[in-house]
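Residues per chain are reported as follows:
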Amino acid sequence: MIKISDLTKKFGSNVSLDKVNIEFNKNESIALMGANGAGKTTLIRSILGYYHPDSGEVLINGLNPVKDRVKVLQNVSFVPQLPPPIKLSLDELMQYIGIGASVDKELIMYYANEMKLDIKANLNKSFFKLSGGMKQKMLIAISLAKNSDIIIYDEPTANLDPKARDDFYRLLKQNENEKVLLFVTHRLEEVKDLVNRQVYMDLGGITSDERL
Amino acid sequence: MKNLFLIAYLDLKESIRAKWFLVYSLVFGGLIALFFIAGVTESQVMGFSGLSRLLLMYIQVTIVILPIFILVTTVRSISGDRDSHILEYMLCFPISLKQYYWGKVIGRFITVYLPVLFAMVVAVAYGFFKGASIPWDIFFLYTGLLFALSSAFLGIAFFISSFVKSSEVALGIAFFIWIILLAFIDIALISLMMQQRMNEELIIFIAMINPMEIFRVAAISLFDPELTVMGPVAFYILDSMSQATFVFVSIVYPLALGLIFAFLGFKIFERKDLV
Ligand SMILES: Nc1ncnc2c1ncn2[C@@H]1O[C@H](COP(=O)(O)OP(=O)(O)OP(=O)(O)O)[C@@H](O)[C@H]1O
Ligand SMILES: [Mg+2]
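In order, the protein sequences belong to chains A and B.
Reading the first sequence from the start, the letters are residues 1 to 212 in my numbering.
Reading the second sequence from the start, the letters are residues 1 to 275 in my numbering.
So here's chain A without its partners, still in its complex pose (with noise of 0.2 Å):
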């Protein structure tokens, strides 16, 4: 599903992915893993397409996520490693999703609920004013409810309680068949039961990937 060829993006100097090669199929739950300053955010970011490779392709079911970005995003969801202050209210931002993406607001408040968030209590509260674990409890409950094939996570639970991350991760347990879900973690022992994969990377690179 996600084919990635060759792929080096810098910022001035600094080269954040250096030829960067490794496929994505459906059924692979994957851990991506590495140290800081890696190049995992990178990474997930071109698949997104918002950045445009020096050399190299992304390809997600052939299509390239900057000229195709319409049509791959349908089939993406993200969650980003910090939650922006994005300052529509709640209901708005459901509005824009709903609108733009399509995403049943029932099935984002199933969700919310699911993961212990209370939506409607908060429907007109800016979204920059929930606390940093309730903004991230949103966010996935988007994730969930964009019923996507290609599910992304970048460092989602850094503000999770721990009642919290065993819902997340039972939500998705239920949500991964079929899909290809691609986890930033630096905590392993946490994802290992939803894993079959588990990457490492490495200035830029990746240095290891086994399949489990």
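Worth double-checking, as some hints may not be accurate.
[Unchecked claim] Below, simulated EDC-like cross-link-like pairs (lysine to aspartate or glutamate); rule was C-alpha separation at most 20 Å, straight line: (1) A:K135 x A:D118; (2) B:K272 x A:D68; (3) B:K13 x A:D91.
[Claimed, not checked] Per label pair, the in silico range of CB-to-CB distance: (4) A:K19 x B:K267: 25 to 33 Å; (5) A:D202 x B:L259: 47 to 55 Å; (6) B:V61 x A:P162: 56 to 64 Å.
Since the hints were made in silico from the structure, they are not lab data.
None of these values were measured; they are calculated from a predicted model.
Cβ coordinates follow ideal geometry from the N, Cα and C atoms, glycine included.
Assemble the complex: chain A is given as a structure, and chain B with the ligands must be docked to it using the hints.
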């Protein structure tokens, strides 16, 4: 299309809630309240229509305040969202960059133009209430000039916003452009250039490419076709074309300028890394 309007609508809603919008509306509302009084009292002395003098002053202040307000509030719209990683999240949905960018432009345009229009309407309503005769032709031309001025600076702001790395730099560039353009509407500066025996055509050209100066000459020529308050450049300009042509140019040119800059901004936005 629905995404375009969705983005414009949400941006408008977000702006209206923001503090800067409140300040912006209050500044315009407050100014016009001041000018009511000034305009009406002065009219008895000068024999002008009170409302027209009011509008004239309002327009003069607008030249200074409107551009900087638009620049300051808009220049950070894309670059600020990039800085704060809002773009990274909002653009992970299947929304085309075209819809996102132009949706933001439309939303911002409505945001900045509404209070201006509102103040104009209040002025007319007040004049009506006071029994002054309302100069409708002037009112509509002014509204058109304001529309054009707003779009010029909005386009410039989006252009800056699309390429700067951080919103602080964006703000700096915005101030710089504002100061430069403001400096070149100063009659003193232009007279100085004339004293220095600079080429007349060059002076006129510099005046004519500046949307602020164009706005100023056009606005004042509406009120005072004799141009007694105007200074030399306006004479030159209105000597070479009729007033009607000039007013037409001064609506079309800033509008085109704004569109061109906004379009260039879009091209840059599309070609650059998004986050
Ligand atoms: N926009 C950018 N401009 C300049 N350099 C960047 C940019 N984004 C990333 N980098 C650099 O690229 C390298 C890889 O960064 P990246 O964010 O991909 O690391 P990471 O593996 O996600 O790290 P972490 O575990 O800390 O999240 C770093 O050296 C970083 O400084
Ligand atoms: Mg990272």
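Of the hints given before, which are not true for this structure?
Failing hints: none at all.
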